[in-house]
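Trainee: Residue numbers (this note's numbering), protein chains in the order written: chain E, 1 to 479; chain B, 1 to 204.
If you are wondering where the hints come from, they were derived from the structure by calculation, not from laboratory data. Keep in mind the model is a prediction, meaning the values are calculated, not measured. For each residue, glycine too, the CB sits at the ideal point set by N, CA and C. Mixed in with the good hints there might be a few duds.
What the hints assert, rightly or not - Beyond 10 Å from chain B on every Cβ pair, some chain E residues (computed):
1) Ala9
2) Leu14
3) Arg36
4) Asn295
5) Phe411
6) Pro441
7) Gly444
8) Val472
Claimed, not checked - Just so you have them, the derived chain B footprint on chain E, three or more residues with Cβ under 8 Å:
9) 108 to 115
10) 128 to 134
11) 147 to 160
12) 201 to 212
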Amino acid sequence: MTAAAIFPALPLFLPELLLAGGALALLLIGAFAGPRSTAFVNGMTLLLLIVAGALVAMQPEGRTIAFNGAFVVDGFGRFMKVLALIGAAGALMLSFDDFRQRRLSAFEYPVLVLLSVTGMMVMISAGDLIALYIGLELQSLAIYVICAFDRDSTRSTEAGLKYFVLGALSSGMLLYGASLIYGFTGTVSFAGIAAAVTGAPHSGVIFGLAFLAAGLAFKMSAVPFHMWTPDVYEGAPTPVTAFLASAPKVAAVAITVRVLVGAFPGITGQWQQIIVFVSFASMALGAFAAIGQHNIKRLMAYSSIGHMGFALVGLAAGTEQGVYGVLLYMAIYVAMTLGVFACIVSMRRNGQPVEAISDLAGLSKQHPAMAYLFALLMFSLAGIPPLAGFFAKFYVFAAAIQAKLTLLAVFGILTSVVGAFYYLRIVKVMFFDEPKEALDPMPGAAKLVLALSSIVTVGYFVAPALLNVVAVAAAKTLF
Amino acid sequence: MIAAAVFFYLFSAVAVASAFMVIASRNPVHSVLFLILTFANVTGLFILLGAEFLGLLLIIVYVGAVAVLFLFVVMMLDVDFAELKKGALQYMPVGALVGLVLLAELVMIIGAWLAPAGVPRTVAAPIPPAAQITNTEALARVLYTDFVFYFQAAGLVLLVAMIGAIVLTLRHKPNVRRQDISRQVARNKEDVIELRKVPFRRGL
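Here chain B stands alone, though its shape is the one from the complex (with noise of 0.2 Å):
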């Protein structure tokens, strides 16, 4: 239990302070880095928690996928960060002035919740006994059946951003020229081959 303990403080602490660092930090790139980290770090909090798969599927998809996407738009945009934080300083009473106040708000939140036992404690969706079922078999069991309406949802609304990217970036440029593989395909020796009997010292 000890080590339990010892490993959730671990991990917590290093992905509060990395989580820190990404807003801190002057280069955007050391940004991206700290980043993946606290996802690294998050994942050790899920399996903590018994949550193997949700853990994996962050390593997975936001380490191996997302965060890496962003490391490839930060280097080859070359976006002066630098220069876009230097305005947002003098925004600072203000933001800070809501965080303090919804840092308060929390407080008394969690003030209240602690104190009285009135609140109801209960969960929406029990999670089975880690020995009886596997947490992916256990996902897997809800996410196509009762939760099959949020799924579809879902669904269309990364269609919307995938159309919505399209739609607002992609430019047909009329100059460009393009690989067109049917036509690659189809050329044969004969339409483009031609071959000429070049006499001796003459030349064409």
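For reference, chain E alone in the conformation it holds in the complex (with noise of 0.2 Å):
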């Protein structure tokens, strides 16, 4: 066999060799160079991060399969692989300035977040089973050693500590599900999957898929597996939090998606049951356990196993249009996530991070700009029109509606009520109550990913073909 036989022509993963390759060689720089080298290391890292974004960008249209099914190049690939990218990008500008404050900063880290995201990307790519794994690994013991990274903080060890022990419960799970599968239909590729499942299927590809879902639903925080989320993002350092709550969800929507889409296409009836009740329950907690809460890391952690319950709406309708607002809904959650991290991340007083509700009290007075733009972004999680949030959730409503799933359609809406609620009360915080001693500034990175965020917010609705067009043709690659 020759090489051309076993590697496929250099762009198709271009991007991903890149990412690794540059891992590895800053790796090289930062042990060599020590501590030193840790701002070269963090801007070569953003760098690699945008350049790839532009690589996957122009990697050719239509379906490509590489290395014997392990890796595949399609549309809907490439649209989730730069969400993560930008997710990852904005999440480590957020990082340098707040980890100078916290006497955090290390070379380390940005080699981490860039071997996590060389992970997301083997995730959303995998053509097989154990693709799939093998990038979910990655991504997650990155994740786990940067959860912990602030080693002294008896909180963010913790943290890392939990996320581990439960990510390996699982993984466990994942696995067992895949052996199931392998076990009954002969195959680990997702298309071989797809030809042996028809029908009636057998008892064990049912039980390997339920336990692939919870594996699933695990990595996106999805309701009945998300204990973990609110301790783990209360506990990580702020700028953790914020990758946490934007690249990985992508890629554990986007794997859960080419899964359930491309490997059981032949029996939709039986996931969906589980997309639905697991998008049912997100939703519910997430709009009623957000409201007692007093911790703004907390209540976003609350937040997103909302929305990935909202997201799921669009999952459990199967269909093309479906598949289409999920893809909406994580571009624009994705911008939204990273606006409001921006300003949390900002939130420090005399040099010390804060992270209470009522610290924002009296922002509208000392930072007016901030004060609007976090109320802006807090009127688009909620989903008031006309900002992006709203069409987000209009469109995965309108699939599910589609595909006769009015009764799911009208409980997320019903949610998102709810889930109003507290999203307001912030910008009730920041505006009407008794100002506190004042915020220290934003600094200069927050200021840009915070007016990204903000851009994209308010000019989807200006200009919604930018997205929508990218997306539908990204949605029918799948089917």
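Reconstruct the complex from the two isolated chains, following the hints.
Mentor: Laid out in structure tokens, this is it:
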């Protein structure tokens, strides 16, 4: 067998190669140059993420399969990869200033982020169960480490340990499901499974599917596998929380869609039940559990659980329209989340980070620009028109109604009304509560992220076609 | 054939029994030793299957490296495992319930698998006959060709584990004297030895 037969055309896997190779090179630079190289490694990592995003966007149209079916490059994957890269780049930008102030700056952090993103890319492109698992582990293992990055803080180490133990359990479930599916279909490739599983499936396949879905739901932090989310979000350093809330969610949703739609199209009815339940439960928990929170990072954890529920409404529809809704939802979710975390990272008083919602009191008088943009993002998260968050919800609910899941859509709308309460409460605290001592001014990178995020949130209404056209084309490649 | 069956039951019975002892024995050192016994018996099972490469790998990697490392950790850390295990008993009923449910599901699946004939019994990559090719060679043929992608990605996973261990545990203490080999090598007689003439009965 020659090298040409083994390796596909270089442009297909160049972004992954660039990220992995870049991570190795930066690791060596960091190890030899020591702590003074941190700024350089940070900058190079950001550049690598942007270049990789550009390379992914320039990849040829159509669906190509490489490495014996382990690696699939298609429009859907490209869309999700660009989103994951944007999420990672935004979260990394937020870390620069925050880590310097916490005296946490180390060249290992950007390297671990790069390796984690490489895992996400492998996962999003996975064409079989082995590639799925390897990508998932690469992604998760790096995240366990960066959750505990503030190793002198008990809460940070607790977050890392908790995520690690529960993550190992979920990986076990996923592998158990994968082995059952392999045992009953005789193949690990998604295409092969799709060919083998038709009509009335064997109960072993359904068991495998349920375990696989459980493992993936854990990575998405969807109910009933969400227990780790609030503690990990609260304990991890805030820029890490921003990373957790953006890029890995995109990758987890992408692989869930790819597995369910790509490998089990023959038994849509079976997995639809699972997704409908998970979606119902996530939306309900996201809406009600967030009400009593005082810590803004915990609140965002429950908010992200709720948003995963909304995104899964689109997947529950199981149609091309639904996948289109999921793609749009994730794009808008990443944009909004990065903006919100740009504000949360900047919450410092006299250099010390503060996390309580009440610390935002009187923000409108001290930092009016930040307060107005923060409020804008909160309105968008709550789904108030004409902001982007409204359209995100609109498309997934429309898909659900077309697929005759009216009850799910109605329930989704009701929970988003409940959710609006706690988003608006933050706005109320910022604008109407008695001012406290002023927060420190926002660092430059956070300002940039917040500005870009706000532009997307408002601008989507002005020119929706920019995003919609790409998302339609991406959703089409799966069907 | 009978010998093979006898050995199969011998290896599997000892493996299961010693695996149980790993969790049941009070002394953690005994647990690790039972773990090694389990690995050795599973090696026997692999060799019975004709997978001698995997079997020997298990001995070299798991017994030779991993289990011995465990033993070091257990002996050096002096963790009171009996104390740790004390609280675990109160979770016993829940654990037993979950285990029971999983067992019931497994039985249902295996029953379903044995009963109907509709299940495809295919394999993704059939093993070439042992007479033509040793299984070391069979593994090597696919590891760097068909599976090169998995192989490299798995390498990255291991790299992350290494970086993580270093990031989370390595501390540079300022007052520790470290060996600096280049400085040691660069020393010469002129710089470090001072010869003085000591006057008799006067000292320095």
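Trainee: Take the hints in turn and mark each one as holding or not.
Mentor: Here's how the hints hold up against the structure:
A cut-off of 10 Å between C-beta atoms confirms that alanine 9 of chain E is not in contact with chain B; the least separation is 14 Å. At roughly 14 Å, the least C-beta separation between leucine 14 of chain E and chain B is larger than 10 Å, which holds for a residue marked as non-interface. Consistency note on arginine 36 of chain E: stated as away from chain B, and its beta-carbon is indeed over 10 Å from all of that chain's, at 14 Å minimum. Interface exclusion of asparagine 295 of chain E from chain B stands, the closest Cβ pair being 25 Å apart, more than 10 Å.
The claim that phenylalanine 411 of chain E is not at the interface with chain B holds, since no C-beta of that chain comes within 10 Å of its own (minimum 29 Å). Proline 441 of chain E, annotated as away from the interface, keeps every beta carbon of chain B farther than 10 Å; the closest lies near 31 Å. Against the 10 Å criterion, glycine 444 of chain E stays outside the reach of chain B, whose nearest CB is about 27 Å from its own CB. The claim that valine 472 of chain E lies off the interface holds: its Cβ sits roughly 30 Å from the closest Cβ of chain B, which is beyond the 10 Å cut-off.
For the segment 108 to 115 of chain E, the proposed coverage by chain B is satisfied: 4 residues have a C-beta within less than 8 Å of a C-beta in that chain, meeting the threshold of three. Residues of the segment 128 to 134 of chain E lying with their CB closer than 8 Å to a CB of chain B number 3, which satisfies the three-residue condition for coverage. Beta-carbon proximity to chain B at under 8 Å applies to 4 residues in the segment 147 to 160 of chain E; the threshold of 3 is reached and the given coverage holds. For the segment 201 to 212 of chain E, the assignment as covered by chain B holds, since 4 residues bring a beta-carbon within under 8 Å of that chain's beta-carbons and 3 suffice.
Of the numbered hints given earlier, the model fails none.
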